[in-house]
Amino acid sequence: QIVLTQSPAIMSASPGEKVTITCSASSSVSYMHWFQQKPGTSPKLWIYSTSKLASGVPARFSGSGSGTSYSLTISRMEAEDAATYYCQQRSSYPLTFGAGTKLELK
Amino acid sequence: QVQLQQSGAELVKPGASVKLSCKASGYTFTTYYMYWVKQRPGQGLEWIGEINPSNGDTNFNEKFKIKATLTVDKSSSTAYMQLSSLTSEDSAVYYCTRSGYGTFAYWGQGTLVTVSA
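For the protein sequence lines, the chains are C and F, in the order given. Numbered by the working numbering, the letters in the first sequence go through residues 147 to 252 in order. Numbered by the working numbering, the letters in the second sequence go through residues 2 to 118 in order.
Derived by calculation from the structure, the hints in this document are not laboratory data. Do not rely on the hints blindly, as some may be mistaken.
As the list claims (entries may be wrong) - If you want a taste of the chain F side facing chain C, the calculated C-beta under 8 Å gives, among others:
| no. | residue |
| --- | --- |
| 1 | Y33 |
| 2 | L46 |
| 3 | N62 |
| 4 | E63 |
| 5 | A93 |
| 6 | Y96 |
| 7 | G103 |
| 8 | T104 |
| 9 | F105 |
| 10 | A106 |
| 11 | W108 |
| 12 | G109 |
| 13 | G111 |
Every residue, glycine too, gets a C-beta built ideally from N, C-alpha and C.
Chain F extracted, bound-state conformation (with noise of 0.2 Å):
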């Protein structure tokens, strides 16, 4: 079955940068785009943006291009997020979800971000 395992809580200084890791099983995990969506407490859902694993080829919310950076690892079927210059409007979960059914079919169980001094 399809599997998203997400790194765990970060606790991370404003200024500072964190790397987010999804490590994918149960699929090939060149054949389907992965996405990354964050959720900041008590709001909606927002999305950052989207690699395709095969090539390395991303595209962007607007908004986070700056802040983001997607990359893959195909030998560890893992994706990776980077996020950078923190501060207190970062804190948020952040979830890696996997394309499917032409949309966000499966997802991680989210990764926890906490920007504070």
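Bound conformation, chain C alone (with noise of 0.2 Å):
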């Protein structure tokens, strides 16, 4: 199976700083999904087809990548933005995710 890997595991951020979560595949995939969930709640569609914003998401958000190494960035740290995020694929099966990145607000 892919196996996703991302870093750091958590990470804080203040107001206004630029931020970057990585995600790594053990195999080349053709795309990567991103999750973002807040406690208690579902994961929600975040960052689709590597780097196509889901609805409602804020244009400070950003991905790219391809191959084996793809990145979630934020360009400008909002407090809304603190959550966990995870990278997913479905290039091959079994669908997996990474481990999740936690990103805190300081």
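Fit chain to chain and form the complex, with the hints in mind.
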């Protein structure tokens, strides 16, 4: 199965700071998807097909990458962005998720 | 709008089975695959399997092939997941999620399953 390794596992950022979360795949994938989850709530689709923002996602978010290396970037951190972010691939079964990156507000 | 309404929390004894439901609305039920995802307390997300509601075809994560059974009732636009031979390792929140945009586009609110004597 394709293992997705996210880094860092936990991080904190100050308001206005640029944030980058990376996701490394053990084998090449066609696309990477990202989900945001806040405590006690269901995950939400955040970025799909590597770089497309889901409905309602602020433009300060972006996604990029190819092959085995992908990233989610927040241009300027805001308080509402504090959450756990998961990457996910569906290029190969079983469908897999990264272990998550917990982003905290500093 | 697309909604996935999951059944309520379950407290079940070790060795028992439980059947969770996910009622879909706001779209044509048979058009989109339904997936199930497990999340243990404080842990990450794990794909259990998927079902094609139009014909009942399923595909599972090997890890859950014996544990989970996926079915649908087209007449009520409801997907079901039965979990068998429950142990403490099965205590988790289980989500149903509908396909879209090439991934898991819409999510239910989750069902908490607690396995305890």
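Comparing the hints with the structure gives:
1. Y33: Status violated, d = 14 Å.
2. L46: holds, 4 Å
3. N62: holds, 4 Å
4. E63: holds, 7 Å
5. A93: violated, 13 Å
6. Y96: Because about 6 Å separates Y96 of chain F from the closest Cβ in chain C, which is inside the 8 Å limit, the hint holds.
7. G103: holds, 6 Å
8. T104: holds, 4 Å
9. F105: Holds - the Cβ of F105 of chain F comes within 8 Å of chain C, reaching about 6 Å at its closest.
10. A106: Given a least distance of 5 Å, the restraint on A106 of chain F holds.
11. W108: holds, 4 Å
12. G109: holds, 7 Å
13. G111: This hint holds: G111 of chain F lies near chain C, its Cβ roughly 6 Å from the closest one there, short of 8 Å.
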